[in-house]
Amino acid sequence: MGENYRLLDVGGIAFDTENPRIRMALTKYGDRLTSERIHFALKSMGTAATGASSYESLRDSIRAMGGISVPITVISRQSGYICIDGNTRLAIYREFIERGADGNWNHIKAVVRDDATQREIEQIRVTAHLVGAREWPPYEKARYLHYLREEKLMDYGDMIQLCGGNRREIERQIDAFHDMNTYYRDVVDDDTAFHIDRYSGFKELQRPAIKDAIFAAGLDLQDFGKWIGDGQIMRLADVRKLPQVLSDPDAKAKFLEGGPRSIEDAIRLVEQRRANGETETKTTLSKATLYQLAEVLGRRIEDLPYSELRALKDQNNAAMRERVGILESLLTGLTGLLADVTE
Amino acid sequence: MSQSDEHKRLVRTMARAIGIRFPGMAPVVDLPTRLGDAVPPLVDGYRPDLYGEDGTSGLVVVGEAETAAGLERRHTYRQLRAFAGRLERRGGGILVLAVPGGRGDRAKTLLRFVAFELGIECAELWVFDGLDFWVWTPLGGGAWRLD
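Residue numbers (my numbering), protein chains in the order written: chain Y, 1 to 343; chain Z, 1 to 147.
Hints in this document: simulated from the structure, not taken from any laboratory.
Each residue gets a CB set at the ideal place from its N, CA and C atoms; glycine is no exception.
Be aware that a few hints might be false.
Stated by the list, open to error - Short derived list, chain Z residues pointing at chain Y, Cβ under 10 Å: (1) F22; (2) E72; (3) R103; (4) G104; (5) D105.
Work out the full structure, taking the sequences as your base and the hints as a guide.
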């Protein structure tokens, strides 16, 4: 594969429709797709969990530096160039052109891969987006791994060489993608009811105890898809509690017959039973373990009355301000602990 | 940016967008800067971030802004259910859920659950993702369309 470095006309480079953010925008907006919406789609991927915009940080950095330092990567096709790595940087240049920003944004540094094979293109995408700072969303990563394994017949050794990790983790992601499509995507009434943010629930499903618990309860994975689709399981971490819920007849009934978030009521019932079963060894606050306190605290936060929430929000007196301060200190401590144990 | 600052930013962005979408409405937002500033009225025991009523047509718009973390709280779901239920009993109105750009799908998921749980037919459920308004339509099993 030959490559050469060039300064290319921004207008002559197309976005990569295999890039999940671009593909998402194409699907979502259809014939109402505009460049503003493409930029929005690229920008939004950096805001999903934290509210911080990596797009905006990158844009500010590029403007300050007067251009990109790392060239984008394009492939040459009869129709022109296609950007296979650097779609966000390309979008930023286009935004600067549209807004008439100071500077020369009409040309962009690029590595042109002449005669790139499909395998070489996959390698570039994987290296750029399956690991590291510019990772695709988990569902899209899984989709790509599924594509490499099932359609390109790439063996696990090659996939591990490309993406890192281990075979078991890659298998889990591929299986989660398969189950999500089979038991959720393919059964909802229309595409807009399918949300990729449900993916981590299907990843949790791959833990051995979860599927076993579902089958042991006389249920199947179609039911799981329904629980996710209908919102009976809304917090996806609650999938881990399925074995406890399904093995308790009352909790199971509460869960299966309830509406959205019914698993939370079922979990509460299980935990209450557990707490009642421990009445002989009732503990005081000072003797409770960290984890007992954490479970109770979590429930109290969930059940916080609206009036108390408003009072904390308004902080109209010293007592309320002190309470918010206590919670903020707890958050600091907890964040630090989790950072230490998950390094 | 702290969660609180992020929430205020979302409320202001939502208010601006609703002001443009419904000219002449002049909605009230829950961002009082001085004692005595107007705040939205309680709706079924909860105070929304925005409330607007068109004096001519009678259209009511209730707006709620949520950060990514806020969307995951049970309290949020109860609020959204309360607002949607109230509008449904009223015979119509619009509930707008404003969220950060990357959380549009999550917001749609939540409102879809509300729509199915309450059997929403009259109230309109909208999501504002920072750029566009998305509207829930119950027809054909339910779908989201770009406003």
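*D105 of chain Z as an interface hint toward chain Y, with CB separation required under 10 Å*: For D105 of chain Z, the interface hint holds, since the closest Cβ of chain Y sits about 4 Å away, which is under 10 Å.
*Answer holds if the nearest beta-carbon of chain Y is closer than 10 Å to that of R103 of chain Z; otherwise answer violated.*
With Cβ-Cβ at 7 Å, under 10 Å, it holds.
*For the hint on G104 of chain Z, does the least C-beta distance to chain Y fall short of 10 Å?*
holds (7 Å)
*Answer holds if the nearest beta-carbon of chain Y is closer than 10 Å to that of E72 of chain Z; otherwise answer violated.*
Given a least distance of 6 Å, the restraint on E72 of chain Z holds.
_Using the nearest Cβ pair, does F22 of chain Z come within less than 10 Å of chain Y?_
violated (21 Å)
The structure fails hint 1 only (numbered hints given earlier).
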